[in-house]
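As they're listed, the protein sequences go chains H and Y. First residue of the first sequence: 1, per the working numbering; consecutive thereafter. First residue of the second sequence: 1, per the working numbering; consecutive thereafter.
Rather than coming from a laboratory, the hints here were simulated on the basis of the structure. Hints may be right or wrong, so weigh each one.
Stated by the list, open to error - Simulated DEER-style distance windows between Cβ atoms: (1) H:Glu123 / Y:Glu132: 21 to 27 Å; (2) H:Ile262 / Y:Ala60: 22 to 28 Å; (3) Y:Gln98 / H:Asn38: 44 to 50 Å; (4) H:Gly46 / Y:Tyr250: 43 to 49 Å.
What the hints assert, rightly or not - Straight line, CA to CA, 20 Å or less: simulated PhoX-like cross-link-like pairs of lysine-lysine: (5) Y:Lys84 / H:Lys204; (6) Y:Lys331 / Y:Lys351; (7) H:Lys204 / Y:Lys83.
What the hints assert, rightly or not - Chain H is faced by these chain Y residues, among others (derived, beta-carbon under 10 Å): (8) Ser92; (9) Val242; (10) Ala314; (11) Arg318.
Values in this document were obtained by computation on a predicted structure and should not be read as measured data. Cβ atoms here follow ideal geometry from the backbone N, Cα and C, with glycine treated the same way.
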Amino acid sequence: MTRRRAAMWVLGTLLYLAIWPLAGFAFAAVGVGDVLENAELPLLGGGSKNTFLSSKSLANVFVFFRPHQDHSMDTLRALASCDQEFNGKPVHWVAIVSGSFPVDDVKAAVSETGIKMPVLVDEDDALYRRLGVRLHPTVGVTNEKFQLVAYEPFHEINYCDRIRGKIRYALHEIGEAEVDKVDNPQRALMPNQVKGAVANRHVKMGEMYIGMKQPEKAAAEARQILAEDPRFAPAHMLLGDALAAQGHCDEAQASYGTAQQIDPSLAAAVQEKRHACGAH
Amino acid sequence: MIPMKRWMVVVALVALAGPAAVSAGSPPPASLPGQYKYPTVRKVNNKPLPEGEKAGSSMAPFSAGDCAFCHQSNDPKNPGPVKKEGNALCYSCHEEFQEIMARRYKHPPSVTACCNCHNPHNAKEKKLLHEEQTAQCFDCHKQIKSIAETSTVKHGALTTERKCANCHNPHGANIEKLLTALPFDQCVGCHAVDDMKDWNGVTLTNFKKLLEENKVWHKPVQSKDCSACHRTHGGNNFRLLVAEYPAQFYAPYDLKAYALCYGCHNEKVVSAEQTTTLTNFRDGSRNLHYLHVHKTERGRTCRACHEVHAAKQAFRIRESVPYGSAGWQLKINFTKTPTGGTCTKTCHETKTYVNKPLSAQNAK
Chain H
1 MTRRRAAMWV LGTLLYLAIW PLAGFAFAAV GVGDVLENAE LPLLGGGSKN TFLSSKSLAN
61 VFVFFRPHQD HSMDTLRALA SCDQEFNGKP VHWVAIVSGS FPVDDVKAAV SETGIKMPVL
121 VDEDDALYRR LGVRLHPTVG VTNEKFQLVA YEPFHEINYC DRIRGKIRYA LHEIGEAEVD
181 KVDNPQRALM PNQVKGAVAN RHVKMGEMYI GMKQPEKAAA EARQILAEDP RFAPAHMLLG
241 DALAAQGHCD EAQASYGTAQ QIDPSLAAAV QEKRHACGAH
Chain Y
1 MIPMKRWMVV VALVALAGPA AVSAGSPPPA SLPGQYKYPT VRKVNNKPLP EGEKAGSSMA
61 PFSAGDCAFC HQSNDPKNPG PVKKEGNALC YSCHEEFQEI MARRYKHPPS VTACCNCHNP
121 HNAKEKKLLH EEQTAQCFDC HKQIKSIAET STVKHGALTT ERKCANCHNP HGANIEKLLT
181 ALPFDQCVGC HAVDDMKDWN GVTLTNFKKL LEENKVWHKP VQSKDCSACH RTHGGNNFRL
241 LVAEYPAQFY APYDLKAYAL CYGCHNEKVV SAEQTTTLTN FRDGSRNLHY LHVHKTERGR
301 TCRACHEVHA AKQAFRIRES VPYGSAGWQL KINFTKTPTG GTCTKTCHET KTYVNKPLSA
361 QNAK
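Isolated chain H (complex conformation) (with noise of 0.2 Å):
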């Protein structure tokens, strides 16, 4: 292979990279990446018929629910406050029932949610067939070329977070490893396990202990710390304040180098203190 098609070949596999909606799950018919074919569906209760997808938008979000039904009704709950955020924005909204429910029963449910968004009626459910669904509720979004960029049937944790995430995604707000930090978030670690979090408060009580003249409180502090990890700058930086206000400038000095070695950043700060140890 010439070194012109392998350069061709990567930049083929950069460019489907990057083009390439979000994988993921998909409906029966149609998965992520498919270009999805807009319908007109009426809407409840009558009226004008509406597609289903606008071209105005840059993001076209569709739930597939059901009256009766715990998870709808929790996501269309859910809906009603998560899609505040996008005011103003060019998303455009709309909820999606199968016809074969009786209109009363889902105009109650939809009511009772309190989603603003149009219900349309898939009225003899040639939508739910074309795409294939299966799942309720099932969230659909799409990007302004109609190609389905997330599928997202019930999630009981982070739901509005995951849709949010693809909304934006759609919107062109992220990309997909910010999508990706959505959906998979970062560990709460608890105060004890974030790393450093110890050591860091033993410096500062020593800190404190300085300003309040005690600087063998504060040795101890650092030595302390040391003894747990030797490798700690901070405590370096601590302990040679502590020799520093103790009038041990020579010992200082070592700490003083040590921290700068271990973590080169603090060498503007080693200086400084160095000078200043220098002068008493």
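Position chain Y against the provided structure of chain H, taking the given hints into account.
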């Protein structure tokens, strides 16, 4: 004209940057979603324990007698007012809270005052807690207390090791309900051993192993949402299921008995005798789910054919089913075909179903 090499570099850079390259605006500020329905200020005693009472934990400066860390004076009998108001005083040493309290979901009582839950001097409990941890949580979360106490099926996670903190971070988290990690990561984190037993002594599945060995996962498992089907604080359905599901292999068909599955799936998939849209497990329009399940006697429950969490083959079809009391496994021998599927020499003689014409398949 842009030279070829430079053009390729530009395209590659755009491709690498992806949609982020056209990102517009910054994300909205994190908020406290929903309305918090519990008290955010608790009536607690933040004074030191009476002399002579043994402390389970102490604030380091307090035990060192250094009152002036937090108070205006170092005199233990008259320390005077604190140097900073509210949580700012705590955060001046506990700097990790800059990150913790910046998380998307915050526990409102911890935002209001650390002292709602922690005594700033000393306490009988660990972590300077005013009360035993679960009791303290239940002091506000009375509904969870009631579930935990009255449920007929219990979850050991509530009463072992770190109790509530096994799953929740009482300060702040990046996931709803202040979960420290997504449900799947929490659940599989513990249910990853062979000898774990439920509160009734029944051995529980090693999910780490099961999921490693079976790569076709149920969607809620794939999306790390165990809570979609299981109640974690306790419940009245076996296996802590959120809704009813038959525990036995054969059960007469009853819509209510499958409330768990129909929470997401369409009940018509079983109740409609004929369909061309609800399922692909059909021979023409003859619904084979209906045929297998919709029986007043010896109706098969979903698990007769499907693994619930994960399986080795499409649609999570089981490899075999238990047969008789001797532990013998009867193979299902399911094979997916271009036009449907077939089950060979199994509960019944070989049967094949066709759900789409071969011509349509070829046309694809």
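Verification of the supplied hints:
1. One distance hint, 21 to 27 Å for the beta-carbon pair Glu123 of chain H and Glu132 of chain Y, is violated here, with the actual separation near 59 Å.
2. Here the CB-CB span from Ile262 of chain H to Ala60 of chain Y is close to 25 Å, well matched to the stated 22 to 28 Å.
3. Between Gln98 of chain Y and Asn38 of chain H, the C-beta spacing of about 48 Å keeps the proposed range 44 to 50 Å intact.
4. At about 47 Å, the CB distance of Gly46 of chain H to Tyr250 of chain Y agrees with the hint of 43 to 49 Å.
5. For the hint linking Lys84 of chain Y to Lys204 of chain H, the alpha-carbon distance of about 15 Å falls within 20 Å, and the restraint holds.
6. Using a Cα cut-off of 20 Å, the hinted pair Lys331 of chain Y and Lys351 of chain Y holds, with the two alpha carbons roughly 14 Å apart.
7. Our distance criterion of 20 Å between C-alpha atoms is met by Lys204 of chain H and Lys83 of chain Y, whose separation comes to about 15 Å.
8. With 10 Å as the threshold, the beta carbon of Ser92 of chain Y comes within range of chain H, its nearest partner Cβ sitting at about 7 Å, so the hint holds.
9. Given the 10 Å rule on beta carbons, the hint for Val242 of chain Y holds: about 8 Å separates it from the nearest Cβ of chain H.
10. Of the supplied interface hints, the one on Ala314 of chain Y is violated, with its beta-carbon coming no nearer than about 13 Å to a beta-carbon of chain H, more than 10 Å.
11. The restraint placing Arg318 of chain Y at the interface with chain H is violated, with a minimum CB-CB distance near 20 Å, outside the 10 Å limit.
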